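First to last, the sequence lines map onto chains A and B. Numbering follows numbering that gives the first Met the number 0, with no gaps: position 3 of the first sequence is 2. Numbering follows numbering that gives the first Met the number 0, with no gaps: position 376 of the second sequence is 375.
Among the clues, some could well be false.
With beta-carbon atoms standing in for the labels, derived distance ranges [to be verified]:
no.	chain 1	residue 1	chain 2	residue 2	range
1	A	Val6	B	Glu27	20 to 28 Å
2	A	Glu43	B	Asp35	27 to 35 Å
3	A	Asn9	B	Ala349	31 to 39 Å
4	A	Ile41	B	Gly297	30 to 38 Å
5	A	Met10	B	Lys249	48 to 56 Å
None of these hints come from the bench; they were simulated from the model. These numbers were taken from a predicted model, which means no experiment stands behind them. Ideal Cβ placement from N, Cα and C applies to all residues, glycine included.
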Amino acid sequence: MVRLLEVKENMVYVQMGGGCQGCGMADVTLKQGVEIAIRSEIPEVGEIMDTTDHASGDNPYYSPSKK
Amino acid sequence: MPRLLLLLPTRTYRTPALLAASAGCGVELTVASEEDSSVAHLNPSGFLTLPFSDPEACAPLVREFAGRFPIDGVIGIDDSVVEAVAVVARELGLPHNQPDAVAVARDKRRSRERLVAACVACPEFEWRGWGDPGRDRVPEFGFPAVVKPLELSASRGVIRVDDGESLSAAVLRVEAIVIDEMDSRAENGFLIESFVSGPEVAVEGLLRGGELEVLTVFDKPDPMEGPYFEETIYVTPSRLSDSQQVELSKVSSAACAALGLIEGAVHIELRVTGSGPVVIEVNPRAIGGLCSDVLRFGTGLTLEELLLNHALGDRAPLPDRVDRAAGVMMLGVEGGGVLERVEGVEAAEAVAGIERVAITAHPGQRLQAWPEGGAYPGFVFAAGSTPGEVEQSLHAATAKLTLIYQA
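If we strip away everything but chain A, and leave its shape as in the complex, we get (with noise of 0.2 Å):
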């Protein structure tokens, strides 16, 4: 789930809920999939935020790596 928050002058402020929220991939949703229909619509549009606290989310993706 991508939430728009607000448009300022350009710039586009979203929040990312659900599984998203904490995911490892939700850069990649954001910047392959949402970003780009956005861009699609709205070719003018600025920089594209995401405010999501990952750091909180139910599940996230993040796990061991090796060093």
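On the provided structure of chain A, position chain B as indicated by the hints.
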């Protein structure tokens, strides 16, 4: 614009760094992951689902996708995708390691056998099956020794033993860790290796057409004598002498050749002994965690940008590492438990030389100490004028951090 296929497991720390690198390289990006994306319909050329755990099964899926959206390069730097990357590259005719070579490098037993056959110095070892009646007999090379499971990474389940009693206890403990991880007793068995005393280093390199180019050598200044082997500090540049670093480069090259690795990133761990470097592990991937953030090249390229350019066929001379001392501390979990919060982050970031503190564990996450555990709860980054200064900053900052666990 060239299209880059990025293999990215859903459980990774690397997403922001790799996406930033892709944006900086001016490519059309396709992200392949092992789970379907819920927004794939918004950008059909931007997503692909691949079964990383079955590398050969990725081949027809990629072939079909590339028929619609031609792919110019493929990259994946997490441990769990390197075999799939090799299969995909083979399928697309892109320069990369052969899948067999990557599979051998990831198999601790087979890689040791190849190193021995090529006369590359590595620990003496004996393989034991979990079902062997004499699985905890004293190894011929004696003690100290190290018990090492074949399936796990990040030093999970790796235990130093100094006598028969500790060997028996370690084998039982490692077996329990493997069963917990694999949900059954794995068939692969385990290794008992001779413990190699001496400072440990990591060589970060890039193979291009079979030639190893050393990007940097990291010292690990904290002693790693066991009984467990979680990482702490990586600092670069190395304080070893030029001649020792030349030896490290030679032995690392020989190790890559012995395993058949010819293309892409390698992360090689060695011990420096009186009789020369001894190879502990050769990983066909870049340094993990967030540690690559320590490195900058040329005008400020990240390691990920360097690797993406290589994946897209760039064979220009590699830029030098930016000339500064830098390092990272991987935070330990202390006693372990369910994490409530981390205290002292601001104070740690205020220590001279500290660039940032990244806490990657989240409140509510269960953290286990080594050897059962394998996740670092965070990373501290520092820079300075000398490696010694960086090391001091990292220790001072880490002393200000406290992990608070739920009661």
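Structure-based check of all given hints:
no.	hint	in the structure
1	A:Val6 <-> B:Glu27: 20 to 28 Å	holds, 27 Å
2	A:Glu43 <-> B:Asp35: 27 to 35 Å	holds, 31 Å
3	A:Asn9 <-> B:Ala349: 31 to 39 Å	holds, 36 Å
4	A:Ile41 <-> B:Gly297: 30 to 38 Å	holds, 36 Å
5	A:Met10 <-> B:Lys249: 48 to 56 Å	holds, 53 Å
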